[in-house]
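Top to bottom, those sequences are chains U and P.
Here this note's numbering is used: the first residue of the first sequence is 65, the next is one more, and so on.
Here this note's numbering is used: the first residue of the second sequence is 693, the next is one more, and so on.
Hints are computed from structural coordinates only; laboratory data are not their basis.
Misleading hints may appear alongside valid ones.
Pair by pair, the computed Cβ-Cβ distance ranges are [said to hold, decoys possible]:
hint, chain 1, residue 1, chain 2, residue 2, range
1, U, Tyr129, P, Gly1179, 55 to 61 Å
2, P, Glu849, U, Lys90, 32 to 38 Å
3, P, Arg1024, U, Pro132, 25 to 31 Å
4, U, Leu133, P, Pro1076, 58 to 64 Å
5, U, Leu133, P, Ala703, 21 to 27 Å
6, U, Glu113, P, Ala703, 41 to 47 Å
7, P, Gln1195, U, Glu113, 35 to 41 Å
For glycine and all other residues, C-beta sits at the position ideal for the given N, C-alpha and C.
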Amino acid sequence: MTVYWLCFILFLTGLYGVITRRNLIKIAISLSVMEFSCFLFLALIGYKEGGVAPIVDMADPIKPYVDPLPQAMVLTAIVIGLATTAMLMAVIIRIYRKYGTFDIREIKNLRG
Amino acid sequence: MMNPLIPLLVAIPLAGSFLTMILGRFIPGIPRYMALATLLLIAFISFWLLVPGGTASSVYTLGGWEPVSGVPIGLYLIHDGFSALVLCIISVIGLLSVTYSVSYMARYTNENYFYSLFCLMIAGMNGVVLSGDIFNIFVFLEISAISSYALVAFGVEKNELEATLKYQVLGAVASFMVLFAIGFIYWSAKTLNIADIRTAFSEGSQGSHYILIQILILTGFGLKAAIIPFHAWLPDAHSSAPSPISAMLSGVLIKAVGIYVIIRLFFNMFEITEGMATAITTLGALSMVVGTFLAFGQWDIKRLLAYSSISQMGYVVMSVGIGMLVMARGLRSDVAALAITGGIFHMINHAAFKGLLFLNAGAIEYSAGTRDLREMGGLAKNMPVTSATSLAASLSISGIPPFNGFFSKLIIIIAAVMGHFYLLAALAAVVSIITLAYFMKFQRYAFYNVEPGKIKKEIREVPVPMLLSMITLAVVCLLLSLLALPGIRESVLSPATEILMDQLKYSSQITGM
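Hey, can you work out the whole structure from these sequences and the hints?
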């Protein structure tokens, strides 16, 4: 049970970072922390104590297998996460070129 | 009953997107025609599927994996009464936005990227609407979200970048909440299929974190739908995007990936509980009231329209919430059906009139070169078509009788009164009046209110493709009010309500039991 709580704390740490940090790069890193806590959680769900990879051996088919579906989900989610992070970084670089700063307090053209 | 047309709704825009990107490099000028052809095909297929749809919904199993003893194991695409309507909205608004873009986007560079991303966004939304699998909803949600982040930033100026940054950070937080909730759902239900999760939950394997799952789902998709405490990104993103994209975001995206998924999951996946129903109704009423007051003070046309979107989506969420509350209390199911019908009807109507209003705002920006209401005036003489269509849309959104907005708001208010929610009914009526007030402000400052000697002669009406989309949408606004007529309502809106209200129908079509 402890690992699940640690995983949730990691998620909250990421959320705290997104809310409190002022540097755009640090916000992006905090988002990655949140993202990876989700991946960790998904991987933990499929894990079984002493489980083996789910490749059925016909000679001895009954073994404690780990659940392969969350692993497939994590792989898909990692690919999506790569796209999101790349997109966010591209925007942050563009913002740096236009505003000359990474400080989120200086970026406040839109109001109201 | 496998319908081979269903996967094409996702496959065509996906293929269109990549082909546009590749061919656009070699043949200049072709991207717009490819995007138009893609959207025309999609529109044709979604209407073709709507007409014989009726009450019979069809299921497509990817790869042909049939359920094993009632347990679905493959990936499912489900086309039923509710998703059929949303698919039609997506394709119609998409088609008209592309037509509009042909002239509007001529000012921007990299035309093939624009049309490619546009098709990708359509593919993502169609996927979300059709998917019967909660993880696939997440995947398609991300596809549409990433392409919309890029489209909001298409102008790459200071404002666009700031808006897209806010949108991306909040969108990413929403996505992770959804992913976290999917993890919890898989943990307790051991399946990802929506119908199967429903069976698992109703058999009591809900676990102690059932409430947490519901809150994570509501927050995650609420952020995508910009319900009021989660709305911060919407006015910036929707006002900074190019106008056809604003029309898509406000008209379609927040519905397809936000409201649609909330309604689908809370009716067809979770058991309806009174607590969550109250929460959804409260959030809806809050959005409706706060959104309209925020819209009232705006001078930038597109920000005004964006805040008004929040308020109108509040109507939809509140009305569906009333339906849930009535169902949870086990009271009259006809009132619940009326409330849900009202919500879905208003969602369709909002796509038409808000799409049109954003296209009008784009036309004004295109010709007059400003979005500030205080710098305009007297445009009615220079731009007669824009003025007339925007008047139609404004009357529609404020609920004036011959137009569609009146009928959906009327249904919502009647349902609220019949369910004994008198306060909500009164709020809905008052908000409608305030909406009329700020749209009259928009009309007066933009099109009339001529100060002598300030008439600008050089402002001219916009090119034909833009006019064509605006006139079509204005006609659609009028025609949609026909959906309120008894004969037509039963064949179009009722299947959507039935699939949501019938607890067993949705899951039985998948498991075949």
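Outcome of the hint check:
Between U:Tyr129 and P:Gly1179, the C-beta spacing of about 57 Å keeps the proposed range 55 to 61 Å intact. Between P:Glu849 and U:Lys90 the beta carbons are some 25 Å apart, a value that contradicts the proposed interval 32 to 38 Å. Our hint of 25 to 31 Å for P:Arg1024 and U:Pro132 is violated, since their Cβ atoms are close to 47 Å apart. A beta carbon spacing of about 59 Å between U:Leu133 and P:Pro1076 agrees with the range 58 to 64 Å that was offered as a hint.
For U:Leu133 paired with P:Ala703, a C-beta distance near 24 Å keeps the hint of 21 to 27 Å intact. Roughly 42 Å separates the CB atoms of U:Glu113 and P:Ala703, a value that falls within the hinted 41 to 47 Å. Distance hint check for P:Gln1195 and U:Glu113: the Cβ-Cβ separation is about 38 Å, which falls inside the suggested range of 35 to 41 Å.
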